[in-house]
Amino acid sequence: MIELEFQEASMHPCRSKRGKRTATLICGVEPELRAAVEAEADRRDTSLSSTVRALIRVALAAGRNDRSVSA
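Note that numbering that gives the first Met the number 0 gives residue 15 to position 16 of the sequence shown, counting from 1, and the numbers run on in steps of one.
Treat the hints as calculated values from the structure; they're not laboratory data. Owing to the predicted nature of the structure, the values given are computational and were not obtained by experimental measurement. Errors might be hidden in some of the hints.
[As the list claims (entries may be wrong)] Ranges between beta-carbon positions, derived for each pair: (1) Ser67 to Asp44: 29 to 37 Å; (2) Ala38 to Ser67: 30 to 38 Å; (3) Asn64 to Pro30: 29 to 37 Å; (4) Glu39 to Gly62: 13 to 21 Å; (5) Ala34 to Ala58: 12 to 20 Å; (6) Leu32 to Gly62: 14 to 22 Å; (7) Val28 to Leu59: 15 to 23 Å; (8) Pro30 to Ser67: 33 to 41 Å; (9) Val57 to Glu29: 24 to 32 Å; (10) Ala35 to Gly62: 16 to 24 Å; (11) Ala34 to Val57: 27 to 35 Å; (12) Asp41 to Arg66: 29 to 37 Å.
Glycine included, each C-beta is placed from N, C-alpha and C at the ideal position.
Whenever a hint applies, use it, and build me the whole structure from the sequences.
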């Protein structure tokens with residue numbers, strides 16, 4: 000947790016709240032999901048917020064592709 004706070008403090012002031020919201024959001028999910036997202040962030044060598052945004056983009060793109068195939 001101290002490492003995360005250090006990373007957030009070094010970010011641009013406009014972006015620091017975004018990372019904190021992501022950290023709060025990820026604390027509220029199931030432990031298995033949190034562990035999977037943290038592992039993915041480590042694998043990508045990125046912050047939790049960047050990883051969550053990337054995973055959401057992938058999920059949304061997959062949803063768009065599913066709808067276009069069934070239409």
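Is it true that Leu32 and Gly62 lie within 14 to 22 Å of each other by Cβ?
holds (19 Å)
Cβ separation of Asn64 and Pro30, checked against the hinted range 29 to 37 Å
holds (30 Å)
With respect to the beta-carbon atoms only, verify the hint that Ala34 and Ala58 lie 12 to 20 Å apart.
holds (18 Å)
Do Ala34 and Val57 keep their Cβ atoms within the hinted range of 27 to 35 Å?
violated (19 Å)
Satisfaction of the hinted span 29 to 37 Å by the C-beta atoms belonging to Asp41 and Arg66
holds (33 Å)
Would you say the C-beta atoms of Ser67 and Asp44 sit inside 29 to 37 Å of each other?
The hint (29 to 37 Å, Cβ to Cβ) holds, given that Ser67 and Asp44 are roughly 33 Å apart.
Given a hint of 24 to 32 Å, does the C-beta separation of Val57 and Glu29 actually sit inside it?
Violated, at about 19 Å.
Would you say the C-beta atoms of Glu39 and Gly62 sit inside 13 to 21 Å of each other?
holds (19 Å)
Okay, Val28 versus Leu59 on CB: inside 15 to 23 Å?
Once the Cβ atoms are compared, 18 Å apart, the range 15 to 23 Å for Leu59 and Val28 holds.
May I ask you to test the hint 30 to 38 Å on the CB atoms belonging to Ala38 and Ser67?
holds (31 Å)
Between Ala35 and Gly62, does the C-beta distance stay in 16 to 24 Å?
holds (20 Å)
Satisfaction of the hinted span 33 to 41 Å by the C-beta atoms belonging to Pro30 and Ser67
For Pro30 and Ser67 the Cβ distance comes to about 35 Å; the hint holds.
Going through the hint list in order, the structure does not satisfy hints 9 and 11.
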